[in-house]
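Chemist: Could you slot chain B onto chain A? The hints should help.
Protein sequences, first through last, are from chains A and B. Sequence positions in the first sequence follow the numbering used here and run 1 to 258. Sequence positions in the second sequence follow the numbering used here and run 1 to 208.
No lab work stands behind these hints: they were computed from the structure. Incorrect hints may appear among the rest.
Under the rule of at most 20 Å between Cα atoms (straight-line distance), these lysine-lysine pairs were calculated in the PhoX-like manner [said to hold, decoys possible]:
(1) A:86 / A:124
(2) A:240 / B:7
(3) A:253 / B:9
Covered by chain A, per the in silico footprint, the following chain B stretches (three or more residues, Cβ under 8 Å) [said to hold, decoys possible]:
(4) 61-72
(5) 80-89
(6) 179-185
(7) 191-199
With the Cβ distance kept under 10 Å, some of the chain A side facing chain B (calculated, not the full set) [what the hints assert, rightly or not]:
(8) 86
(9) 187
(10) 227
(11) 231
(12) 242
(13) 248
Ideal Cβ placement from N, Cα and C applies to all residues, glycine included.
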Amino acid sequence: MATALVIGDIHDNVEALRQIVRRTEFDIVILAGDICEFRCSEFYEVFSKLNVPIIFVHGNHDCLPCFERMSQMIEDFYVLKNDILKLEIDNKTLTIAGLGGVFSRKRRDMHHFSPIDITKLVNKILDLGERIDILITHECAKGCSDIIPYTKGTRGGKEALYILHLAANPRVHICGHMHTPWIERFRNCLCLNPGYGFIGLGALLDLDKWTVKMFHVKFKYDFVKEHRIIYTYSWIRNVKRSYYRILRMEANKIGLVK
Amino acid sequence: MIKRAFKLKNDLGFGQHDVEKLQGEIINDDIFILIDKDTNAVQIITHINGRKEYLVLIPGKPSFIVMNIDEKGKDKFIYALKELAKIIRINDKAVKEVEVILQLYLSLEKIDKGVLKQKVRELIEENAQAFQQIRNKNLIDTLIPFLAKGFARAIINEIFTPNIFPEEVLRTFSIEELYEIFEEELILDEVESYALRILKNKLLVDKN
Chain A
1 MATALVIGDI HDNVEALRQI VRRTEFDIVI LAGDICEFRC SEFYEVFSKL
51 NVPIIFVHGN HDCLPCFERM SQMIEDFYVL KNDILKLEID NKTLTIAGLG
101 GVFSRKRRDM HHFSPIDITK LVNKILDLGE RIDILITHEC AKGCSDIIPY
151 TKGTRGGKEA LYILHLAANP RVHICGHMHT PWIERFRNCL CLNPGYGFIG
201 LGALLDLDKW TVKMFHVKFK YDFVKEHRII YTYSWIRNVK RSYYRILRME
251 ANKIGLVK
Chain B
1 MIKRAFKLKN DLGFGQHDVE KLQGEIINDD IFILIDKDTN AVQIITHING
51 RKEYLVLIPG KPSFIVMNID EKGKDKFIYA LKELAKIIRI NDKAVKEVEV
101 ILQLYLSLEK IDKGVLKQKV RELIEENAQA FQQIRNKNLI DTLIPFLAKG
151 FARAIINEIF TPNIFPEEVL RTFSIEELYE IFEEELILDE VESYALRILK
201 NKLLVDKN
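Here chain B stands alone, though its shape is the one from the complex:
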């Protein structure tokens, strides 16, 4: 669960007048609404397994959302969003877009780190021979961190296929936009350190 922000293509459409209506409004026992008076942002908050999850709707031109949600909380937020739309006017298109972004966000979360590690291992195995030709240990030492980063990013190409996204997501975002989101938002730190370990084993231990 990582905090992420998205810019909306459609404006949320609500303003100060609408937000004032929300004072003290509660969706249900689990879902709370907080209002930020400085920005008119509406924060939908819930707790899942004792952990706080939230979706912030930030109106304006352009509008944004910030979220920190996991799969279990998704339905709650979609429900809250629909309930909210009954109380204040929110642009229908923006509501749909938020739902699509929720799916996109969760599809990023779903990608299994185990699969990523497996892919990076395969990629290194395929290419290790070329790097083993470098005889200079100091040079290898310098190169390894960059190689680890490079290999970790290279697997984005391997796993990025439009099939991993629901159809609604594909209808809202172009493939280029999805790739960019994928490239920037996929957390590869763990995969990178894994690649670093394998590379060290492959290139440095063999040399010693």
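So here's chain A without its partners, still in its complex pose:
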């Protein structure tokens, strides 16, 4: 029985990742975006020791160049920006499609995807002509585990992703971004949002029976201090030119011996 560890929205809290991987058992890791932005060297240390396939789809707060570098340096580390991957686990072939970033009609930088990108992935899926087992996006489709936190069930997903749903007809759609852990059925598909990984939330997905077990790994940590660090990043994100340079320079440091 193969199990996938599904986590997202860790937001640079490397301790959360350490605790989650220490206390769970899994055969594959699926990362649903917003994992790390400025502390990627520490994340690299953890990922490089896992020795299981890792599938990563980036969010709007990720250092994409860092993860691309990790995929070059770690065996079985796959970055799905807008691609399909076939992966063999326990003599079973999984077809996984991924689309990274959040939806924007106009912006097409590393953290956003546009209708053109959706169309490209849809075409790839149609060319493949098979049902997708797992569809991973950081942004949620409307009505698909997209509950906005601290609201009475307000939905925050994007209708633009419906076409991807129709084309892929996935068994499981994994998304992140909303920070609310949620499982629901949507058009014959199991929608899974593993929730806010920053505080230790995640899910274990059984790849044979297609069932999900959510978990909350509790650990002692100064969350106030860590949240403060996340807010500091907004200072840097506002300086677009420098922000992308800093991300690229971070990527060059990955894997260098300290």
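Modeler: Structure of chain B alone, referenced to chain A:
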């Protein structure tokens, strides 16, 4: 004067406790300090010729700075930084690093747009003959914007020499890091549109 951010190699070292001490603190009549309670960031603000200039120190691991400063304001900020270090504990190494980054930032500002334009003109003159061989006007039309961008970026190689940086900057940053900063942060929009104009004149007017 362009707003830029840098990641520090050394942590600034101050925290919430230190920032609380700064409430209502004024360095002098011209220099003010603002605190961001959400992030513990310290913003040093001054006005030069009626224009607001600032340096934001963002603590944490890693620490960052964001700045919008010109040459005239540099000394004021270095003074403010030293005064600040007397009130709260700031890592000495980080203070030195901020000073070095200030110099690096200003050396980017100092590069004369006139020189850049001159260099791009020379580069186009040298290579225009090759492009004039293209007989297809539509193809030239498509290529010109890319060529302009390419020529503008190519002059980075021409002007990038370690001599343009003060010694302290060279001691703190490797040549590769400096090149990367240079490549990303040098504002080439004006040079690009200049290259576009020359290329249009050279390649399209001749064809007509």
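Chemist: If a hint holds in the structure, say so; if it does not, say that too.
Modeler: Against the structure, the hints come out as follows:
1. Taken as a hint, the residue 86 of chain A and residue 124 of chain A pair is honoured in the structure, with Cα atoms around 13 Å apart against an allowance of 20 Å.
2. This hinted pair checks out: residue 240 of chain A and residue 7 of chain B have alpha carbons roughly 14 Å apart, not beyond 20 Å.
3. With a C-alpha separation of about 12 Å, the suggested pairing of residue 253 of chain A with residue 9 of chain B holds against the 20 Å cut-off.
4. Taking a C-beta to C-beta cut-off of 8 Å, the segment 61-72 of chain B contributes 4 residues in contact with chain A, enough for the three needed, and the coverage statement holds.
5. Figure legend: the segment 80-89 of chain B, annotated as covered by chain A; annotation inconsistent (0 residues with Cβ-Cβ distances under 8 Å, at least 3 required).
6. A count of 4 residues in the segment 179-185 of chain B with a Cβ less than 8 Å from any Cβ of chain A is obtained; the coverage claim is therefore met, three being the minimum.
7. With a threshold of 8 Å between beta carbons, the proposed coverage of the segment 191-199 of chain B by chain A is violated, since 0 of its residues qualify and at least three are required.
8. For residue 86 of chain A, the interface hint is violated, the least distance from its beta-carbon to any beta-carbon of chain B being 36 Å, above 10 Å.
9. About 40 Å separates the beta-carbon of residue 187 of chain A from the nearest beta-carbon of chain B, more than 10 Å, and the hint is not met.
10. At a threshold of 10 Å, the smallest CB-CB gap from residue 227 of chain A to chain B is about 9 Å, leaving the interface hint in force.
11. Given the 10 Å rule on beta carbons, the hint for residue 231 of chain A holds: about 5 Å separates it from the nearest Cβ of chain B.
12. The restraint placing residue 242 of chain A at the interface with chain B holds, with a minimum CB-CB distance near 4 Å, inside the 10 Å limit.
13. Hint on residue 248 of chain A holds. Least Cβ distance to chain B is approximately 7 Å, under the 10 Å limit.
When each numbered hint is compared with the structure, violations occur for hints 5, 7, 8, 9.
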